[in-house]
Every structure is written in C-alpha cells, then in structure tokens.
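Protein chains in written order, with this note's numbering: chain P, 1 to 220; chain X, 1001 to 1220; chain Z, 2001 to 2267.
Since the hints were made in silico from the structure, they are not lab data. Among the hints, erroneous ones may be present.
[Unchecked claim] Interface residues of chain Z toward chain P, partial, derived using beta-carbon atoms under 10 Å: (1) Tyr2036; (2) Glu2037; (3) Tyr2084; (4) Arg2148; (5) Arg2150; (6) Thr2151; (7) Tyr2162; (8) Arg2175; (9) Ile2176; (10) Pro2220.
We put the beta carbon where it would ideally sit given N, CA and C, even for glycine.
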Amino acid sequence: MSQDTDEKEQSLFQAPPVAEQERMCEAMLFASAEPVTLRELEARMPHGCDAAEALAHLHKRYEGRGVLLVRVGDAWAFRTAPDLGFLMEKETVETRKLSRAAIETLAIIAYHQPVTRAEIEEIRGVSVSRGTVDQLLEMEWIRFGRRKMTPGRPVTFVVTQEFLDHFGLENARDLPGLKELRAAGLLENRAPIGAMPQVGDGDADSDEAPQTGQSELFED
Amino acid sequence: MSQDTDEKEQSLFQAPPVAEQERMCEAMLFASAEPVTLRELEARMPHGCDAAEALAHLHKRYEGRGVLLVRVGDAWAFRTAPDLGFLMEKETVETRKLSRAAIETLAIIAYHQPVTRAEIEEIRGVSVSRGTVDQLLEMEWIRFGRRKMTPGRPVTFVVTQEFLDHFGLENARDLPGLKELRAAGLLENRAPIGAMPQVGDGDADSDEAPQTGQSELFED
Amino acid sequence: MVRAMSEDEFNRQEHGFDTVSERVAAEALIVDVDGYEGPLDLLLTMSRTQKVDLRKISVLELARQYLSFVDRAKALRLELAADYLVMAAWLAFLKSRLLLPPDPTEEGPSGEELAAHLAFQLERLQAMRDVAARLMARDRLGRDFFARGRTEDVTRVRKLRYTATLLDLMQGYARIRTKDEFRPYAFDREALFTLEQALERMRGLIGFAGNWTDIAGYLPDGFTHDPARRRSATASTFAAALELAKEGKVELRQSGVFAPVELRRKD
C-alpha cells in the first residue's frame, strides 16, 4: 500500500522525459511573441525539468532547417533562417483600413454598377473626391465601365474580379440587400418603431424596393 | 560551348531540391500567424516548386513534435500541439463568451451550410436575433454565401476558414458527428409540412390552421 | 421549473391550486418560460420527462403536457408570448387529428404525418444541441493550441495596402441608404431641377438633336436615380421642350398615349 503511494508520488514529481521537455520548449518558444528566458521556461514546465538540456536538443534539431533556434541575450527564440529572408517580403506589407469615404464609394459602385460619378454623389449626398476614386482604381477594385448613353456620355465605374476575390463574392449580385442587412443587424438601430422590420419576413416579398432597384441596375 | 549554355540555362530554371522547398515552406508558415494557402506559398517560392510535396514531407517531420503542421481548408499553418495547452497560460486569449443562441446558430450554419436565415429559424423554432448573426459575422466565423436559387433568392450563411482554424478542423467535412447526423437523416432539408407553425411566418396559407385554433383558444 | 417537474406534479396542478405555495410554484414555472428559446425548446424539455428515445416519443402525450401548461398560464392570468400560443393552437389541432378517426374527405397531411414531423424537428434540434456542445468542447485556437506568437517583421519592403472587410462594405452601404430615413423634414431644394436650368441645358444640347430622340435622354446627370429628383427633372425638361417648340427651335412628337415624347431640331 504505502509502496504504491510512494511510487505514485514519485512519478507525480518526476520530470517528464527529455524528448517531452523538448516538445514543451518548442511549443512555448513558438507561441511566445517575445524571446523566453531559461528561467521563464522552467517556471512554466513541470517540476524538475531541465530547460537548458531540452534547448540543446532542440537547437540541434533545427540546425539547417528553415527555422532556427537562436539566443537573444539570455533568452531564446525561433527565427526564420537568414538565407530565406527573400520569402518574407509579403509579411512586411502594411495594411491600413480603407477610409470611410472610400468604403462608401466602393459600396455604391458595388451595389449600383455601372454607375457614374454624378450618381455616386447623388446617392452619397456629398461630392466624391478625386483621390478616393483614384485610390480605388489603383487598388484595382474598380475600373471604368462603358460610357452611359446619356448626353455628355459620362464614364461609369464597375467593380473588378479582384474586388470579388477580396470579398469572397462569386458576383456582385450576391451582396445582401438592404432588408437582409437590416435583418442581420447590420444597420444601426435607429429606425422608428413602426418602420422596424419583422423577423422572418426578410426572404420573401417585403424587400421590394431595394431588391428591384438592385436587379434593375444589374440587368445589363 | 553551346552545351555549357544549355546547362546553365537549365539550372537557372530548375526548381530547388525538395529539401530546400521544405525549408522554404517551413520558414513561410512559421513567419505567419494565419494559415497560408498552397497558392500563396507557391507564388512566393521560386518557379517550378511543388509546395504540396514539400508540405507532405514537412507534415511528417513535425509529427509528434511540440508544434504541428495542420491543414485548414486550402491553407496550412503551424499550431502548437493541443496536449501542451497547459503551458500557455500567458498566451491564452479570452474569447468572447457566446450565448446559447449564438452557439446553436453557429452549429446549425456549420452542419447545414449553406443555410438561410429562415432555415436556421425553422430548426431552432425561434427567430434569430439581430445581434447573434452580427456577432458571428464580426468574429469572422461565418460569412455570406451564395444566394439560394429559391424565390426571393435569400442569402445564405457559411462558415469561414477562421472558424475551421479556431476549432482545429481540416475542413467542414470533419465536423464531429457529421456522418452520423447525415445517416440519421437529420441534415435533410425537410420542408415543414402542412400547417406547422413557423417562426415569423407571414404568408396567409400556411398560417390558416393555427389561426382558427387560436381563436378557439381565446373563446372563454 | 418545467425541467424538474414530474408527470404527477403536472396532473396535480391541473386540478387547481390549493395552497399559496403551489400557486407560487406554478408561477415560477411560467416565469421560467423566459429561460426557454421558444416553444420548440420548451417541447424538447418536456419530452425528456417521457424518458424515451426521441424517435419513440408520444407526441399526443407531449401535446397534452404543453396544452395543460398553457392552460395553467391562462389560469394564472400570465401572458405568454405569441409564439407559445401559436404552438398551443397547432398542438390542439394536432391532438384532435390524432384522436378522431381520419376523415377521408379531409385534405392535407394526416395527424400521424404531422406528429412525425414534430418528432423529427425535436430530434433535429436535440441533435444540433449535441453537436454544438461537441464543437465547443473541441481543442480551440488560443485556448488549447496556439498560433505563432511572433510573426516575422522583416523591413525590406514596406508596401502600404488598404483593406476593408465585407462587413465594412455592407455597413457603409447601409449607412448611406438609411441616413435619409431619419432626417427631419425640410423642403429639399437639392432635388429640384428648375425650368430655367432645363431650358439652359436644352438650348446647349438641341444642336446635336438631328434625329428624333426621347426627351428622357435629356435628363441631367445625377437626376436619373433618385425618384424625387427624376420627377423634378422630367417635368422641367418637358416644359422646356414645349417652350423650345413654341419658339420654333424644335419639333415634338409622341406615337401614342404614354409613349415617349420625342424631340428633333427644326432646321
């Protein structure tokens, strides 16, 4: 009996095998944003572990790989192999949120294409700055469409394949209608009570105004 | 002379050896927190590389390690081994607590996708609140899918790569219990029959029976 | 709580409330409806008292249970949400179909078919709950397994890339499309295209109108989409066309009632 307990207790406090300790260090160094010190590693590992030994094994394991275990001061970290730096160029792209004006302009083009600048301004209620359109053109999310067959023959804008790819859309017709946006809770909840949409009526016919408007616009 | 030039040209366009391609994939995947698609990997590698083959080798190399190569939809990522989670208290991110309604809605979308809002409501027997879908969209666990080719062309919801990544699923076919549910016929889209009461049901005909019943009920 | 309630308790309560404590207990049951996600959820909970496989459930028994629950709510003069009452009415209808001999002249699905569908719905809801629990119990990113903590920050190429999500896009669109709904009423001069403006525009354009053209084509840019603006522009453009005809600058024709009004330069 007492021997049993002894054994159990012993195994309970026994450090895991080195291979296991190596796995632990590997996972911790991988997940950590900062280099991790030996002391910190050991503090997080089960009692009795020898992080230094585990790291020595780990270091050897990664020799010549695409990722290396390196020492940074008195801490350790994984770094991609210096000779593969050329592959990392993409990671340095800085992403920035599109401005509100650009998003709104883009949305109008997506929902109403082909659409002229004057029409965009009419819908947004403010003038569209040249920079906004230029930016969207440069991003290749919009392009020039056909000219309108109205006097002055103004140019129109349409969205591109790149736009569809970025937003994971099969085509612009898949964009949800106004009613569906509201049902999904995407509209700011400011509508007067009487005008509130009822749940469940979103699919059928009550959506007429935006729906027909949209399909009309897409029918060419 | 001409032979020399030939050889040079050949080596110029020859893909690097598989071991080297493996290192490249290893470095690129290590450098990114998000899963990287096969296409993206290949786009960044020298011409003629076969990322799929390199990944197969890499996958084997990391078997049983503290960090694993996992597949997420069309993409790949390194993730720490799940059994070592206890070491990562520091890295643990508090995910927003989901309501019961949100969890059920998420499960229904995952198992029935692409699924319309009306279908979700049919299954749960209660209307889907605005905030629920909004929250799931915001977490990027669901997104809009194609429209259904049924009257009204309602939008559908599907789960995203982020969803798969979060729950450690290779693809949506790996959802737990999916096969059993399918075998039991519980994923069939059985249309409600006759006069079943429906959530937020507005049409006249399917509502008839409850209507009469209801007036009976109130005659006291 | 309905959850904990046995058949006996249900039956006893059907006979009225003898004591204050019983009444309080019954009220607690009703109040607890708030804890249920709709009638289907309540039915599912009730079905557990039958302690059988959902496929073998007695829908008739379930209907009785649900209806007695609704009766008690009424006896207590407590309000139930409409969903619950609609379900009660439907179950009353189902119960009568199940009890009465089938009427061969009656159209539509039989009581058994309706009962089978309800049983299917309950089973499906239960199944979705079970898999939802299994899903949430999986090893999860950021809790059980982790992504790379330090992504590579090589500063070789710094390219600015603008991005937006579909949600941004849709919210942006929704914002524009709804902002007018909430604007206080004001006489909107922006939607007005005056006769003077139309005349000026037409004078500049009729030089090109060698062939018959629909006057609708003369609507100015920006006045073709919004119905109010379009209306204003159409009216003034038409009036301007009449004015120009009076001056002898153009001729007008219309092939029939409501047909497009066409205009041509008069040489």
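Now for the hints, and whether the structure bears them out:
1. Tyr2036: Nearest chain P Cβ about 17 Å off; hint violated.
2. Glu2037: Violated: closest Cβ of chain P sits about 14 Å from Glu2037 of chain Z, beyond 10 Å.
3. Tyr2084: With a minimum Cβ separation of about 16 Å from chain P (threshold 10 Å), the hint on Tyr2084 of chain Z is violated.
4. Arg2148: The hint holds - Arg2148 of chain Z has a Cβ within 10 Å of chain P, the shortest such distance being about 6 Å.
5. Arg2150: holds, 5 Å
6. Thr2151: Where the cut-off is 10 Å and the nearest Cβ of chain P is about 6 Å from Thr2151 of chain Z, the hint holds.
7. Tyr2162: With Cβ-Cβ at 5 Å, under 10 Å, it holds.
8. Arg2175: holds, 7 Å
9. Ile2176: Constraint on Ile2176 of chain Z satisfied, holds at 6 Å.
10. Pro2220: holds, 8 Å
In summary, the numbered hints that this structure violates are 1, 2, 3.
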